[in-house]
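Assemble the complex: chain A is given as a structure, and chain B must be docked to it using the hints.
Going line by line, the protein sequences match chains A and B. Going by numbering that gives the first Met the number 0, the first residue of the first sequence is number 0, and it counts up by one from there. Going by numbering that gives the first Met the number 0, the first residue of the second sequence is number 0, and it counts up by one from there.
Please keep in mind that the hints were generated in silico from the structure rather than gathered at the bench. Hints may be right or wrong, so weigh each one.
Unchecked claim - The calculated lysine-lysine pairs, modelled on DSS-like cross-linking and capped at a C-alpha distance of 27 Å, are:
{"hint": "1", "chain 1": "B", "residue 1": "277", "chain 2": "A", "residue 2": "128"}
{"hint": "2", "chain 1": "A", "residue 1": "125", "chain 2": "B", "residue 2": "130"}
{"hint": "3", "chain 1": "B", "residue 1": "128", "chain 2": "A", "residue 2": "128"}
{"hint": "4", "chain 1": "A", "residue 1": "125", "chain 2": "B", "residue 2": "281"}
{"hint": "5", "chain 1": "A", "residue 1": "125", "chain 2": "B", "residue 2": "125"}
{"hint": "6", "chain 1": "B", "residue 1": "239", "chain 2": "A", "residue 2": "125"}
{"hint": "7", "chain 1": "B", "residue 1": "130", "chain 2": "A", "residue 2": "277"}
{"hint": "8", "chain 1": "A", "residue 1": "281", "chain 2": "B", "residue 2": "130"}
{"hint": "9", "chain 1": "B", "residue 1": "358", "chain 2": "A", "residue 2": "281"}
{"hint": "10", "chain 1": "B", "residue 1": "302", "chain 2": "A", "residue 2": "130"}
{"hint": "11", "chain 1": "A", "residue 1": "277", "chain 2": "B", "residue 2": "370"}
{"hint": "12", "chain 1": "B", "residue 1": "128", "chain 2": "A", "residue 2": "281"}
{"hint": "13", "chain 1": "B", "residue 1": "302", "chain 2": "B", "residue 2": "239"}
{"hint": "14", "chain 1": "B", "residue 1": "128", "chain 2": "A", "residue 2": "277"}
{"hint": "15", "chain 1": "A", "residue 1": "128", "chain 2": "B", "residue 2": "125"}
{"hint": "16", "chain 1": "A", "residue 1": "25", "chain 2": "A", "residue 2": "325"}
{"hint": "17", "chain 1": "A", "residue 1": "125", "chain 2": "B", "residue 2": "128"}
2 protein chains.
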Amino acid sequence: MNYSSLTKQQLKDEYERQSKRYENLKAQQLCLDLSRGKPSAEQLDLSNAILDCVNSSSVLYTENGTDCRNYGLLEGIPEARNLFAEILDTDPSNVLVAGNSSLILMFALLSHAMIDGIMGGVPFCKQEKIKFLCPAPGYDRHFDMTRHFGFELITVDMESDGPNMDQIEELVKDPAVKGVWCVPKYQNPTGVVYSDKTVRRFAALKPASPDFRIFWDNAYCMHNYDGDTHTILDIISECKKAQNEDMVYEFCSTSKMSYPGGGIAAIATSPANIIDIKGFLKYATIGPDKINQLRAVRFFKNKQNIKKHMKLQAAVLAPKFAAVQKVLEKELSCCGIGEWTKPCGGYFISFNTPEGCAKRTVSLCAECGVKFTPAGATFPYGIDPADRNIRLAPSFATLDEIEKAVEIFCVSVKIAALEKLL
Amino acid sequence: MNYSSLTKQQLKDEYERQSKRYENLKAQQLCLDLSRGKPSAEQLDLSNAILDCVNSSSVLYTENGTDCRNYGLLEGIPEARNLFAEILDTDPSNVLVAGNSSLILMFALLSHAMIDGIMGGVPFCKQEKIKFLCPAPGYDRHFDMTRHFGFELITVDMESDGPNMDQIEELVKDPAVKGVWCVPKYQNPTGVVYSDKTVRRFAALKPASPDFRIFWDNAYCMHNYDGDTHTILDIISECKKAQNEDMVYEFCSTSKMSYPGGGIAAIATSPANIIDIKGFLKYATIGPDKINQLRAVRFFKNKQNIKKHMKLQAAVLAPKFAAVQKVLEKELSCCGIGEWTKPCGGYFISFNTPEGCAKRTVSLCAECGVKFTPAGATFPYGIDPADRNIRLAPSFATLDEIEKAVEIFCVSVKIAALEKLL
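Just chain A, same shape as in the assembly (with noise of 0.2 Å):
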C-alpha cells in the first residue's frame, strides 16, 4: 500500500498498526548500534596473523637496509611505498607512508596550510574566508575537520556517479574555495563509485586559487563486496594529463584491511606537494613506526593478495548488507516512503526519508534501544536542509542484530511519515 494513495481514515489505520508493532519492539528492550563503520569481531579476526608477521626472529632492516628499530625514512619505508603504489595505481616517489590513520594526515596537511600556506602560499590563518566544498551526504569527520578550523562549509549534491561537478566547477572559480571532499569509491555513506567523467572532471578543474587542493580519501579503494572489483580512474595522473599535477592529494589506509587504527597510512601527490609535506614533517617527526609499515606489508605483500583478503572480508560484510537490503524492501518498497542506495561496497547505505522525517525516525529509533548516526550528520554543519538522509552502518552488528535494528528502523520511518501526512 501506497502511502500517497491512502485515504486519511486508512493512514489513521495504518499508523495505529504501525504504533502498536512499535510499541512491542519497545518492550524488547533492545540495545542495538548500526551509528559507526567498525568492523567486526569476525572481520578483524581475519587479519590476526599480522601480529605474527613480525616477531623477534625476524629481519627487521628494509629492502634499502634500513634498521627499522631506528630513526629514519621520513618518508616511509620503501616497502610500504611500494604497496599503497600498487594499491592506488600510482609511483612509488608520489606515496609518503605515516601514522596510524589517514585522517591525521589531513588534518596535518590542513594543519600546514593554516600555519605555513601550501607550496608558499599566504597561509589560510591570514587570508579573511576560507572556504571548502563538501558533497553531501558524505562523511561527518571530514565536515567536521574543515569546519573545526573555521572554514565556511559549502554543500555541493551528490549524484548517482559522484559530487555535481557543474556545482563544483562553477565553484571553483571564487579564490576563497581552497578545497573538496572527495571519497571517490563506495563513498560515505551513498556508496557511489566516481564515473570516469566525475574523475577527469576533478581533474580538469580551473580554481582561481592556486593552493586549491582535492582531498581524494580513497578509504574504500579494496572494499567491495559482491565479486565484482569496480575501478576508478587514477586521479594523480589524470591531473598531470590535465597540468593540475599539484592539485589532489590522494589518501589510503590499512584501517578498514586489518585493524582501525592499529594499520598504516598514505598519501599519494605530485613530487612537488611531496617536498613540501616533507619540508614541514621533518620539524614534526624523525619518522614513521618502520616496524608497524614491515607488519603490514609482510601480511599484505602486495595488491593481489589484499584482494583475496578482502574477499574474505566481503563473505562477512555482503550478508549484512543484503539483510539491510531485504528488510528494507520488505517494509518499505510498497509504501513509497523512502529511498536507499544498493552499494557494491564500503560500509554504508544512505536512506532518504519524505522531507523532514529523518530527525523524528533517529529519535523514534533512539527511544527503541537503536542508535544510528544523528540525523544530519551527513552534511555540513549537521544540517541537513531537507531533513531526509540517515547513513547506516551495519558492519559491527550481528545478522540478527541487523534484521531486528532495521525493522524497528523502517517501523520509525513509517510512523514519522504517517504523523507528516496526517
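Structure of chain B alone, referenced to chain A:
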C-alpha cells in the same frame, strides 16, 4: 703542557706535532659518525622480545574491555596511561598516550596554539609576535620546531643545575613569551639534571601571558648509566602547589627505551589541559595505535621492570661514555683548551672549545672523516655566539670507533686552538 703558558715557539712546535698527527689520522681515511643520539644495534637487540609480546594468540582487549584492534580510546589504553603515570610520578588521569614519538605531540600542541589558541586564548597566528625561551646549549630539534612556527627564539644560559632562572623569571614578564623548552633530566646536550630548586622556581613562575607553557620534555627520565638514579621533582604537582596547574606540558616516550619511532609517546598535564587537547585531537584522529600500546605495556610491565631494562642499556652505553671521557681527559686535561660535561645519563656530552674554535674543529673533524652535529646546532638559529659548543653523541658507534673519533676530535680542537693562539 698548558697552552696558555707556552712561548710562541713552543706553540709553533706543538702545532707542527698536532698537524702531523692529524695528517696521519687523515691518511687512515676513516668514516665515523658521532652526530646523533641514536641507540646502537646492540641496545636495540635488548628490546627484541617486545616483538613477541603481542601475537595472534594474545588477549587483545584492554582491562576495561576495549578491543585494541578496533576504533576508540582517544586518550590511549588505560594500561599505557598507568605505565606513563608511574614513570612520571603522576596520576593516570593526567596522561594521554598517542603516537609513536613525543616530538610529534609537541608539534601538535604548538600547531593547536597557532591555529586554535590554548584553552580558548587568542591563536598564536593572530598575535603579533610570539617568543620562546631556549636554554642553550639545548636540543636542536626543539629550537628548529619553534623557529619553523615563526617564533622569536630567546637564548637562556644553561647552568649546572638547570637553566638560569633569574633570566627566565625576568623574561616571562613579557606577554609575548609563550613557552620555554626544558629537558629536565640528563639534558640534551649537557647531561644536566635540574635541581629541586630549579624545578620549584619553574613551577612558581609568574608569566604575564596566561597561555605560557613549560614544554617539559622528560625524554631521558629513565636513562641513567652510572648505577645511581637521579630523581627530579614532579613538575605537575609542583605547579599545582604553586597554583600554576595548567602551566606545564610534560612529554615522555619509550623511543629510547625500546625502538626510536617504534615506541609509544605520552603527554602528562593538568585535567583542564587534557580537555583542551582532546578538544582538537578528536578532529584529527579516532584513536591511537592501541595494539602497539599493548605491546609496550606487556614488554615494560612497570617502572621497576623498566629500571632493570635500562640497566642493560646502561651496560652498553656506560663504557662508551667512559671511553669518551678517558680520551678527552688524556688528550686535553693538561692543555687547558676545553671544558666538557660528565653526565650520568642521557645520550650526550657537551664540549666547549676556546671561543671561536667550534666551527673550525667540526670542519677539521669532517675533513678527517668524523662527523659531528654542526657547530652552533645546540643554539637557537644554529648560531653559537661564542662559537664554542660541540655536542658529542657516542651511543651509536663502537668502542674502537669512539676512541678513534675522539682522538681525532682532540687533535682537531688542539689545531683550532693553536691557530687562534698563533
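We went through each hint and held it up to the structure:
1. 277/B / 128/A: 26 Å, holds
2. 125/A / 130/B: Holds: residue 125/A and residue 130/B sit about 19 Å apart, inside 27 Å.
3. 128/B / 128/A: Satisfied, since the Cα-Cα distance of roughly 22 Å is no more than 27 Å.
4. 125/A / 281/B: Judged against 27 Å, a Cα distance of about 24 Å means the pair holds.
5. 125/A / 125/B: It holds: about 8 Å lies between the C-alpha atoms, which stays within 27 Å.
6. 239/B / 125/A: Violated - the C-alpha atoms of residue 125/A and residue 239/B are around 36 Å apart, more than 27 Å.
7. 130/B / 277/A: It holds: about 25 Å lies between the C-alpha atoms, which stays within 27 Å.
8. 281/A / 130/B: Holds, at roughly 21 Å.
9. 358/B / 281/A: 25 Å, holds
10. 302/B / 130/A: Given that 27 Å is the threshold and the Cα spacing comes to 49 Å, the pair is violated.
11. 277/A / 370/B: 24 Å, holds
12. 128/B / 281/A: Within the cut-off at roughly 24 Å; holds.
13. 302/B / 239/B: 24 Å, holds
14. 128/B / 277/A: Distance ~26 Å between residue 128/B and residue 277/A Cα, so the pair holds.
15. 128/A / 125/B: 14 Å, holds
16. 25/A / 325/A: OK: residue 25/A and residue 325/A at ~22 Å, within 27 Å.
17. 125/A / 128/B: Between residue 125/A and residue 128/B the Cα gap is close to 14 Å, so the pair holds against 27 Å.
Checked against the numbered hints given earlier, the structure breaks hints 6, 10 and satisfies all the rest.
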